[in-house]
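Protein sequences, first through last, are from chains A and B. For the first sequence, this note's numbering assigns the number 1 to the initial residue and increments by one for each residue that follows. For the second sequence, this note's numbering assigns the number 1 to the initial residue and increments by one for each residue that follows.
If you're looking for bench data, these hints aren't it; they were derived computationally from the structure. Wrong hints could be hidden among the right ones.
[What the hints assert, rightly or not] Straight-line alpha carbon distances no greater than 25 Å define the calculated DMTMM-like cross-link-like pairs of lysine to aspartate or glutamate that follow: (1) B:K29 <-> A:E119; (2) A:K60 <-> B:E64; (3) A:K45 <-> B:E12; (4) A:K118 <-> B:D17; (5) A:K60 <-> B:E53; (6) A:K126 <-> B:E12; (7) A:K60 <-> B:D66; (8) B:K26 <-> B:E13; (9) A:K104 <-> A:E119; (10) A:K60 <-> B:E59; (11) B:K32 <-> A:E119; (12) B:K32 <-> A:E55; (13) A:K118 <-> B:D58; (14) A:K60 <-> A:E50; (15) A:K126 <-> B:E54; (16) B:K29 <-> B:D58; (17) A:K126 <-> B:E40; (18) A:K104 <-> A:E67; (19) A:K126 <-> B:E36; (20) B:K32 <-> B:D58; (21) A:K21 <-> A:E115; (22) A:K118 <-> B:E53; (23) A:K60 <-> B:E60; (24) A:K60 <-> B:D17.
[Unchecked claim] Covered stretches of chain A, going by a simulated chain B footprint (3 or more residues, C-beta under 8 Å): (25) 43–57; (26) 115–126; (27) 131–137.
On a predicted model such as this, the values are computed, not experimentally measured, just so you know. Glycine included, each C-beta is placed from N, C-alpha and C at the ideal position.
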Amino acid sequence: MQSNLFNLTWEPIDVQQVIDKVVDRNCGAIATFLGTVREMTAGKKTLQLEYQAYEPMAVKTLAQIGEEVQRKWPGANVAITHRLGTLGISDVAVVVAVSSPHRKPAYEANAYIMERIKEMVPIWKKEFWEDGTQWIGDQRETTSHEEEGNR
Amino acid sequence: MIQVLLFARIQEEVGADRVEADVAGKSIKELKRWMEDRYEVPSLARTMTAVNEEFAGDEEVINEGDTVAFIPPVSGG
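Could you build all of it, start to finish, from the sequences and the hints given here?
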């Protein structure tokens, strides 16, 4: 696999560039997912987000997820780019592109990849709300580290 | 010396993105105790850990020169 299929960037993501990496003459489908910054979560207003990563391990883990996809959906191609640093509302935080010969595996693999990212890739999101900040602590994006400790 | 990398909330609690620990030959579990004794961090008992960029269990023994990272619950995507 090309080494630049899985990367992290501190700049705005060029979505087309991620899609171009999975273009394949034998694939008739490309499913692209964009994760974007949401303003309102359960009545709380987000002003901005900050993403941090354990960069070398995050890239390695994204590549491992790519290998899982190729085992589960042979013939699929995967490219993932995750942004780091400070993001504003509606900015693109992550782009996942999957191509496959037919459309169903592309949809399925794309959804699988996002679940795995939220489970195991060492990337963290800090929310900046109107009334404070908090590192977000689980993949459901609802519980902070502090709340977990108090459970 | 062992490099211990810290991220997200743990990084803010310790006030550094890495610390050095003289814990070669000890287990991850012992390193967690070492951290809790020295820094104002909540229990690390359930915090995931990586050794040299691979997830590692509490019983794994740390060798001289290893890089250990505490991985609080992730929230990418």
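Which of the stated hints cannot be reconciled with the structure, identified by number in ascending sequence?
none
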